[in-house]
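For this one, chain A is given, so just place chains B, C and D on it according to the hints.
Chains as they are written, first to last, in the working numbering: chain A, 2 to 337; chain B, 2 to 337; chain C, 2 to 337; chain D, 2 to 337.
Think of the hints as simulated: they come from the structure by calculation, not from any bench. One or more of the hints may lead you astray.
As the list makes no split between identical chains, a pair holds if one copy fits it or if it spans any two.
Taking lysine to any residue pairs in the SDA-like style, the calculated list, with each CA pair at most 25 Å apart, reads [said to hold, decoys possible]:
#1 K201 <-> F141
#2 K68 <-> R55
#3 K333 <-> A322
#4 K333 <-> P280
#5 K68 <-> R246
#6 K197 <-> P134
#7 K197 <-> D50
#8 K197 <-> E171
#9 K197 <-> I170
#10 K201 <-> E174
#11 K197 <-> G92
#12 K150 <-> E109
#13 K68 <-> S140
#14 K307 <-> E13
Predicted model, so just to flag it, every value in this text is computed and none were measured.
There are 4 protein chains.
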Amino acid sequence: MLIVMEHNATPEQVDAVEAAVEALGFRAEPIPGSLRTAIGVLGNQGYVDDTAIRELPGVREVIHVSKPYKLVSRDFHPEATVVEVRGIAIGEGYPPVIMAGPCSIESEAQMLASARLVKAAGAHILRGGAFKPRTGPHSFQGLGVEGLKYLRQAGDAVDMPVVTEVMRIEQLEPVCRYADILQIGARNMQNFDLLKEVGKLDHPVLLKRGMSATIEEFLAAAEYIVAEGNRRVILCERGIRTFERATRNTLDLSVVPLIQQFSHLPIIVDPSHATGKRPLVPVMAKAALVAGANGLMIEVHPDPDKALCDGAQSLNEEGFARLMQEMGGLIKYLGY
Amino acid sequence: MLIVMEHNATPEQVDAVEAAVEALGFRAEPIPGSLRTAIGVLGNQGYVDDTAIRELPGVREVIHVSKPYKLVSRDFHPEATVVEVRGIAIGEGYPPVIMAGPCSIESEAQMLASARLVKAAGAHILRGGAFKPRTGPHSFQGLGVEGLKYLRQAGDAVDMPVVTEVMRIEQLEPVCRYADILQIGARNMQNFDLLKEVGKLDHPVLLKRGMSATIEEFLAAAEYIVAEGNRRVILCERGIRTFERATRNTLDLSVVPLIQQFSHLPIIVDPSHATGKRPLVPVMAKAALVAGANGLMIEVHPDPDKALCDGAQSLNEEGFARLMQEMGGLIKYLGY
Amino acid sequence: MLIVMEHNATPEQVDAVEAAVEALGFRAEPIPGSLRTAIGVLGNQGYVDDTAIRELPGVREVIHVSKPYKLVSRDFHPEATVVEVRGIAIGEGYPPVIMAGPCSIESEAQMLASARLVKAAGAHILRGGAFKPRTGPHSFQGLGVEGLKYLRQAGDAVDMPVVTEVMRIEQLEPVCRYADILQIGARNMQNFDLLKEVGKLDHPVLLKRGMSATIEEFLAAAEYIVAEGNRRVILCERGIRTFERATRNTLDLSVVPLIQQFSHLPIIVDPSHATGKRPLVPVMAKAALVAGANGLMIEVHPDPDKALCDGAQSLNEEGFARLMQEMGGLIKYLGY
Amino acid sequence: MLIVMEHNATPEQVDAVEAAVEALGFRAEPIPGSLRTAIGVLGNQGYVDDTAIRELPGVREVIHVSKPYKLVSRDFHPEATVVEVRGIAIGEGYPPVIMAGPCSIESEAQMLASARLVKAAGAHILRGGAFKPRTGPHSFQGLGVEGLKYLRQAGDAVDMPVVTEVMRIEQLEPVCRYADILQIGARNMQNFDLLKEVGKLDHPVLLKRGMSATIEEFLAAAEYIVAEGNRRVILCERGIRTFERATRNTLDLSVVPLIQQFSHLPIIVDPSHATGKRPLVPVMAKAALVAGANGLMIEVHPDPDKALCDGAQSLNEEGFARLMQEMGGLIKYLGY
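Okay, chain A solo, but in the shape it has when bound (with noise of 0.2 Å):
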């Protein structure tokens, strides 16, 4: 931590900060420029809370050097994590791992010809939606336990691990029964209850990046996991909200390349929410893949005109099986 004085802080605000500093048990190390003081925080094994120094009189800024993550840094664990779901290995070595699906799952059949539709094209996991987070309560909230239950069903029909997303605490018990892989939605990466119970599973997490989180606190999400001792942690980009309204998101994927510098743990691409646009998705994915991402999540449905959730931005069978097709030569040339 680094205190930036005011260019005219007089000595004694000067000291009274040190004495501060040391009163937390830190080192105070002063650094006189020319144009002001500026006073170095020595000792710290972390992030140090500076309630107590910002606003004393003549300080100017308070700069944090320590990040609120450090088990999930590469930094100080520069080993890869990677995440195996039943024998499919996710991270860095390994090729790209497909997740795909409906948003919600509406029924018995319908969940069962997305789930032969997506195997057939080539996918590795299968996803589907029992409890949907809808932004207005008058839209269709999904089937919930029954869902569930038509999930697993599909899964071991087509012999593919399922994941799915959990919303609130209680419902861990059912998730955890039905599902391979417990998805924590957008809206939820900052629901920091839910965070500490599934970190004390054994169930490996996709955590979604919040629509307005910044790396740091995606990272810091993720800390709450590993933190209780789940390491199986998959990270998830969908998009973050900007002003542009041309797309339902702004898809950030420079995130990837970033979070694999900063982080061991494997990082996915979700460009279906990430652009809410048909269109956009099959050109995006690649992109991803070409970014570095270690898997993709991708919305399927058999009949996408008539999804109660999110129609129009999943592909068809026919326009899924073109873009794996086109993913698999790009995944080979990309030498996997």
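Using the frame of chain A, we list chains B, C and D on its own:
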């Protein structure tokens, strides 16, 4: 809903869209223009899911006229909602209500001292956090139920209603037992399960705006609560996330008159979290009153430099007393 | 400047960074920490270009302590700048100055009617646009020099100084001839050549904040003007671009006290462009006064529904007169 | 244009709106709904100024269907524009064009060395800045006309067309004399006078997206140039401003397929300014190609650590040569 066709859409494409609209049970009204055709959708009783239409050939854009909320809209319910809490009225036509207290409940003594000083200065409702959402897992997370007891004791000692944040459904029972108002924090504004649960209760709910929530999403979140039967919802602006980093968030004061135009619910302002900087709190608190806020939520701590949370944005006894005096004059000037 | 090294940076890497700092003519002061080493840079007289350092091996982050402005900073020049225009003082310690008039100058008659009505209501400075920056080329672009003459005539008729926007260097000569204050619009806030040219003139400059400019960039733009010798700069907040679309822009009122803390220059607020909605203008104008604005710029039109530009955010005669009366009381209440 | 009335608008208010529409010379078509009335506006030949209507009593919202651009839209001009510069074709159906060179022209030797190294690696067009827009006035501002000469000499020496930024109208004459392509920087995207002037010239124009410009504004800016007669416009995505600060800007790659859908103009990507970080440049360059970019603009410097500007985002000889080789394979894979 209005469907805008491409300039060069064929008559067959227009027909197909009309058929799709009618299949949804609505009426389609083509509006031929000199440059392109648009199709009005008539007969809907609210927001329409556009999935079946948005990606049909020849469709350029779908424009929604209905909003994802109705119960909270002023349009349909012109009369202002006034929320009463133990004799204190919050809403249109009543003097602004001041909620004050520490960010975190730290001890019995700290809470009691806080209560006494905010009461002495003239505040109406006591705040204090027992469950704290913190960006990283290595920060102080709150005293939990123990803290709730201190809050209740302190409120009773000075005869003030108390408000505190609830972060998960399991906390509802103790929080309802000890608190008069349930606060839903910004990070949980779209924790829809939590919203539905507080919607089933009798306690008034203070709903904070999510840090990247549009006004439409904010009101749709309130709709979740009201739709379950609980109409005692108080909205709270607490700053939004923008590119500017000189303040913690950007306080969006124009949301106050806008919400009052769109909705009948009361809206208050939290200048402490919005700015994150003590010297800005008083000036923005007063600006919020002039903008028409029905109340304020202000962080106050007996010894901010020793606060375990957000001390840098908390006022001390003297600062809060001075602000209350200034605001007293201003409120009188405003005609209450 | 502070250079933060990676956790596992080698001593050789630290040495290389120190050498690079010294090659720039500065002194390097290592600050060994328990987790990593930081290196303080001493001896610089302002902002340092970090190009030679930022990507050296082992460097994690470079943190700038100095700002890209100095002449406009309160830190180095504590005394407030008061800009005087024909006997009207704008700045700290003086009553807020009201600038009002139409968005566009449309005709001699419209400009004269506007001048009379804003004068009658008590405004101090007359505004009107002769050169209009419009998003698309097919919108009305302003009357040009002809408009400047109408503006000057109208100002003279009611004895008010006039302010108008200048968009390009070639317009400086006529604009200086006819206007008392030169306005630089938000889209030109980083048109550095234009800034330099107005920096060489004697006319006061009203500099509007760019729609996505940070406070630091805003002050750095003002620095361009002051660095050329013209110290008569008035800053103007006019809303920033955020994800919210219910208003034209998001009015950032906390910038007012912040700018007054960081800089000695006066700052005024334009609630008309910030909100884009007539019903919000009066309430935000008053909130801006309470936030400490040194003045306001308000769009007024004798017949807003027939305005060629921005009529929807313009007040009419009655609305402006009412607002001036309300603001008069408020300004008195604030102690001027 | 569609005018949405309040739920409780009176028949008289609806009549008044219809009259206002007809006074503008358009036809009004009421669309009565079950909840509210909407009024379609027919007969307009493009974007309509809604000033006279937006604030009439009973009006809730005005929705624009037409866009503020038409000449650049794919809707009206389906055929792709291919810009040819000295035998190099930029646009749909042609292999991506690589523009490379230093941020700033620093000396004759540096420019020549840059030209040789980018030519040797296979780049097509040479870039270099003679006039530099810098946030603060105390940074290096470029060599001016002297620099233009070095750029031209270097381009001629290696037989490459050259592109350079023009910041003001007075610079157009020398820049046109020395350069093949005129670049309009992000800060000048809405410098409408400059746009109009380059619209009158024959030189191709490289127009960079403003840092908070929507796609609609970006295309409307291009419309300014094309409306004056110059159809040789190349668009350039260079990152937008968001809340994320880990990168200099957020590269918005989905703008590439979107622009190609909305407009017939070519679009290229600048990964150097978008990310501001050398290690991210190659990966985002390749992702941009897969997203369909018609070209790339990449900063290259013979000795980045000694660059006077933006060295931290510049590639050196080896880095650029490696990237060109990788991109060569990828472009071939993509079928060019």
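Here is how each hint holds up against the structure:
no., hint, result
1, K201 <-> F141, "between (31 Å within a copy, 19 Å between copies)"
2, K68 <-> R55, "both (17 Å within a copy, 19 Å between copies)"
3, K333 <-> A322, "both (17 Å within a copy, 23 Å between copies)"
4, K333 <-> P280, "both (24 Å within a copy, 23 Å between copies)"
5, K68 <-> R246, "between (32 Å within a copy, 14 Å between copies)"
6, K197 <-> P134, "both (20 Å within a copy, 12 Å between copies)"
7, K197 <-> D50, "within (21 Å within a copy, 35 Å between copies)"
8, K197 <-> E171, "both (13 Å within a copy, 14 Å between copies)"
9, K197 <-> I170, "both (10 Å within a copy, 15 Å between copies)"
10, K201 <-> E174, "both (12 Å within a copy, 24 Å between copies)"
11, K197 <-> G92, "within (23 Å within a copy, 37 Å between copies)"
12, K150 <-> E109, "within (9 Å within a copy, 49 Å between copies)"
13, K68 <-> S140, "between (39 Å within a copy, 12 Å between copies)"
14, K307 <-> E13, "between (72 Å within a copy, 20 Å between copies)"
Of the hints listed earlier, there is not a single one the structure fails to meet.
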